[in-house]
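A.B. asks: The chain contents come next:
2 protein chains.
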Amino acid sequence: MAKHQKNSGWTTTAAEALRVGRVGPIAEFDPGSTPGFAGDKDAGEKLLTERGEALADLQEILFANGRAGDHRSVLLVLQGMDTAGKGGIVRHVGGLVDPQGLSIKGFGKPTPEELDHDFLWRIHRALPPIGRIGIFDRSHYEDVLPVRVHNLVPKAEWEKRYEVINQFERDLVASGTTVIKVAMVVSKAEQKARLTERLDRPDKHWKYNPGDIDERAFWDDYLDAYQAIFDRCDNDTAPWYLIPADKKWFARLAVCELLIGALENLELTWPAADFDVEAEKKRVAELDD
Amino acid sequence: MAKHQKNSGWTTTAAEALRVGRVGPIAEFDPGSTPGFAGDKDAGEKLLTERGEALADLQEILFANGRAGDHRSVLLVLQGMDTAGKGGIVRHVGGLVDPQGLSIKGFGKPTPEELDHDFLWRIHRALPPIGRIGIFDRSHYEDVLPVRVHNLVPKAEWEKRYEVINQFERDLVASGTTVIKVAMVVSKAEQKARLTERLDRPDKHWKYNPGDIDERAFWDDYLDAYQAIFDRCDNDTAPWYLIPADKKWFARLAVCELLIGALENLELTWPAADFDVEAEKKRVAELDD
Numbered sequence: 001m002a003k004h005q006k007n008s009g010w011t012t013t014a015a016e017a018l019r020v021g022r023v024g025p026i027a028e029f030d031p032g033s034t035p036g037f038a039g040d041k042d043a044g045e046k047l048l049t050e051r052g053e054a055l056a057d058l059q060e061i062l063f064a065n066g067r068a069g070d071h072r073s074v075l076l077v078l079q080g081m082d083t084a085g086k087g088g089i090v091r092h093v094g095g096l097v098d099p100q101g102l103s104i105k106g107f108g109k110p111t112p113e114e115l116d117h118d119f120l121w122r123i124h125r126a127l128p129p130i131g132r133i134g135i136f137d138r139s140h141y142e143d144v145l146p147v148r149v150h151n152l153v154p155k156a157e158w159e160k161r162y163e164v165i166n167q168f169e170r171d172l173v174a175s176g177t178t179v180i181k182v183a184m185v186v187s188k189a190e191q192k193a194r195l196t197e198r199l200d201r202p203d204k205h206w207k208y209n210p211g212d213i214d215e216r217a218f219w220d221d222y223l224d225a226y227q228a229i230f231d232r233c234d235n236d237t238a239p240w241y242l243i244p245a246d247k248k249w250f251a252r253l254a255v256c257e258l259l260i261g262a263l264e265n266l267e268l269t270w271p272a273a274d275f276d277v278e279a280e281k282k283r284v285a286e287l288d289d
Numbered sequence: 001m002a003k004h005q006k007n008s009g010w011t012t013t014a015a016e017a018l019r020v021g022r023v024g025p026i027a028e029f030d031p032g033s034t035p036g037f038a039g040d041k042d043a044g045e046k047l048l049t050e051r052g053e054a055l056a057d058l059q060e061i062l063f064a065n066g067r068a069g070d071h072r073s074v075l076l077v078l079q080g081m082d083t084a085g086k087g088g089i090v091r092h093v094g095g096l097v098d099p100q101g102l103s104i105k106g107f108g109k110p111t112p113e114e115l116d117h118d119f120l121w122r123i124h125r126a127l128p129p130i131g132r133i134g135i136f137d138r139s140h141y142e143d144v145l146p147v148r149v150h151n152l153v154p155k156a157e158w159e160k161r162y163e164v165i166n167q168f169e170r171d172l173v174a175s176g177t178t179v180i181k182v183a184m185v186v187s188k189a190e191q192k193a194r195l196t197e198r199l200d201r202p203d204k205h206w207k208y209n210p211g212d213i214d215e216r217a218f219w220d221d222y223l224d225a226y227q228a229i230f231d232r233c234d235n236d237t238a239p240w241y242l243i244p245a246d247k248k249w250f251a252r253l254a255v256c257e258l259l260i261g262a263l264e265n266l267e268l269t270w271p272a273a274d275f276d277v278e279a280e281k282k283r284v285a286e287l288d289d
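From first to last, the protein sequence lines are chains D and E. Per the working numbering, the first sequence starts with residue 1, numbered consecutively. Per the working numbering, the second sequence starts with residue 1, numbered consecutively.
In isolation and in its complexed conformation, chain D is listed as follows:
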């Protein structure tokens, strides 16, 4: 990993710089900061292009191994306030790799069918296939975020979920899925600016949801709900990272770097051929043109 970090603008790895335990309570977190990265926007954008190629290479090796019988996958869980830029991460970081290697799932308000099952039912069904990078745009953590803030189920019910989630994630990791959890944090001022832009531009109206303003009134409750998640569901098995999201370029670079780190930790190499290479070379050489 060290070779990628040298002279890159990073003063430490993204994983170290952004782990929730390192950056402190969310209520005191600066959404305009760039923890661990000393470069500016130009440097960050230039680096993202370069690192995108590294990510694409690693994704292809993961995919190739999945084809060859390896059972590993990666799951990126994206959470964040409205307008924090989760969709932008999917587009601009997910967009760096072969889309065949992605498994993207957005979780909205549960459907009646989903509500007719336990809260993890829809999550299980959406887990990435082996060899893929799964991206969850919202996730099972919704069931302890808006659900907790608005008491959509009794407190006794959502209280139990933290441990259920930990157990679920332990099982998932034990089955070969690397789990990275990312909370994107935007400032109130930046959220206001982004809502304003969505209203000012007709090509952004479809992204505007009047309900976002209603939710904004619960800002501090959401910070509490996020902090509870970090306190109870951050662990080395399935770590949580805080991504300052006021600077989109940094959020993208940081998530790209976290994915690269996770893939590098798998220490994958190109899978060995399951056929006799020399014999096949001979067969191919003998083919008519």
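None of these hints come from the bench; they were simulated from the model. Take these hints with a grain of salt, some might be off.
Which copy is meant is left open, because identical chains are indistinguishable; a pair holds if it fits in one copy or across any two.
What the hints assert, rightly or not - Derived DSSO-like pairs (lysine-lysine); straight-line CA-CA distance at most 30 Å:
#1 Lys281 x Lys46
#2 Lys188 x Lys281
#3 Lys192 x Lys46
#4 Lys46 x Lys248
#5 Lys207 x Lys105
#6 Lys41 x Lys192
#7 Lys46 x Lys204
#8 Lys207 x Lys160
#9 Lys282 x Lys46
#10 Lys155 x Lys247
#11 Lys282 x Lys204
#12 Lys247 x Lys41
#13 Lys109 x Lys192
#14 Lys160 x Lys204
#15 Lys109 x Lys204
Note that this is a predicted model, so its numbers are computed, not measured.
With chain D's structure known, arrange chain E on it following the hints.
C.D. replies: Okay, now just chain E, sitting in the frame of chain D:
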């Protein structure tokens, strides 16, 4: 559409140039040609970058309309000889747009569960959601390609499938899905070169399948099976295009252009807001920073 074509290197639209009825029988088709395009590789690659942005914009409008209740979608069906570059199209053309707007499905040898249903069962389950661009890497046409070449079901059975497929596609189009079908044609010499490369490079071994050489022995039978498809399943509702695939840059440019044309034909505009824009502007303006 005309404005995009001007000075672009295209002498006619890709849809006109590549429609199977226009380019003639597959057995006489030149996989190294670039029908309708007068530019060289440099011009083609430059144009693809530019047109990729147009495709991304159109995809976002399609997606926004899907969110706003419009029921349309696009389905790109990819067929082709082994090594023709279907995966490259998904990666390099699919990769031009927001991966959230894609719905990619590869169809391999049917599973026991799939074989326990009619041949369209797995196809129905994989159709793109509204607002999405679906890409099928292989498709229901496998059921009249290898199945026909090797008589995996009795002839009386596969003979019926052409009309079943036509009916299926008519229903699909009537439901709001634009269907574009693309057959990628590689020459025997180029296939040999690509197989050789896969064997020479350890990072390509995972893409090599000894069975591809066995299939190559049935080359002319496949050409016949493709021609039967074109003769019986090409129509204005769900047209077939022949893509010469020896030049990867051209195949990518051509498929990108076909997708752009299909999306432009939908004549989509940004969906109107379903809320009171001025009232919301006022609400946002009054928010604390």
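A.B. asks: Is it within, between, both or neither when you check Lys188 against Lys281 at 30 Å Cα-Cα?
C.D. replies: Between. Shortest inter-copy distance 16 Å satisfies the 30 Å Cα cut-off; intra-copy 62 Å does not.
A.B. asks: Can you give me the call for Lys160 and Lys204, within, between, both or neither, at a CA distance of at most 30 Å?
C.D. replies: neither (39 Å within a copy, 48 Å between copies)
A.B. asks: Classify it for me, Lys155 with Lys247: is the Cα-Cα distance of at most 30 Å met within a copy, between copies, both or neither?
C.D. replies: Neither: 35 Å inside a chain and 62 Å across chains, both beyond 30 Å.
A.B. asks: 30 Å Cα cut-off: does Lys41 pair with Lys192 within a copy, between copies, both or neither?
C.D. replies: within (22 Å within a copy, 46 Å between copies)
A.B. asks: Should Lys109 paired with Lys204 be assigned to within, between, both, or neither, using CA atoms and 30 Å as the limit?
C.D. replies: within (21 Å within a copy, 42 Å between copies)
A.B. asks: I want to check one pair: Lys282 and Lys204. Are their C-alpha atoms no more than 30 Å apart within a copy, between two copies, both, or neither?
C.D. replies: between (58 Å within a copy, 17 Å between copies)
A.B. asks: With identical chains treated as interchangeable, where does the CA-CA distance between Lys281 and Lys46 reach 30 Å or less: within a copy, between copies, both, or neither?
C.D. replies: neither (41 Å within a copy, 35 Å between copies)
A.B. asks: Since the copies are identical, ignore which copy is meant and state whether Lys282 and Lys46 lie within 30 Å (CA to CA) inside a copy, between copies, both or neither.
C.D. replies: neither (45 Å within a copy, 38 Å between copies)
A.B. asks: When no copy is specified for Lys109 and Lys192, does a C-alpha distance of 30 Å or less occur within a copy, between copies, both, or neither?
C.D. replies: For Lys109 and Lys192, the Cα distance is within 30 Å only inside one copy (23 Å; across copies 51 Å).
A.B. asks: Please work out whether the CA atoms of Lys46 and Lys248 approach to 30 Å or closer within one copy, between two copies, in both situations, or in neither?
C.D. replies: Close inside one copy (14 Å) and across copies (28 Å); limit 30 Å.
A.B. asks: Pop the pair Lys207 and Lys160 into one bin, within, between, both or neither, using alpha-carbon distances up to 30 Å.
C.D. replies: Cα proximity of Lys207 and Lys160: none, with 34 Å in one copy and 46 Å across.
A.B. asks: Which holds for Lys192 with Lys46 at a C-alpha limit of 30 Å: within a copy, between copies, both or neither?
C.D. replies: The answer is within: 28 Å in one copy meets 30 Å, while 39 Å across copies does not.
Taken one by one, the earlier hints fail for this structure at numbers 1, 8, 9, 10, 14, listed in ascending order.
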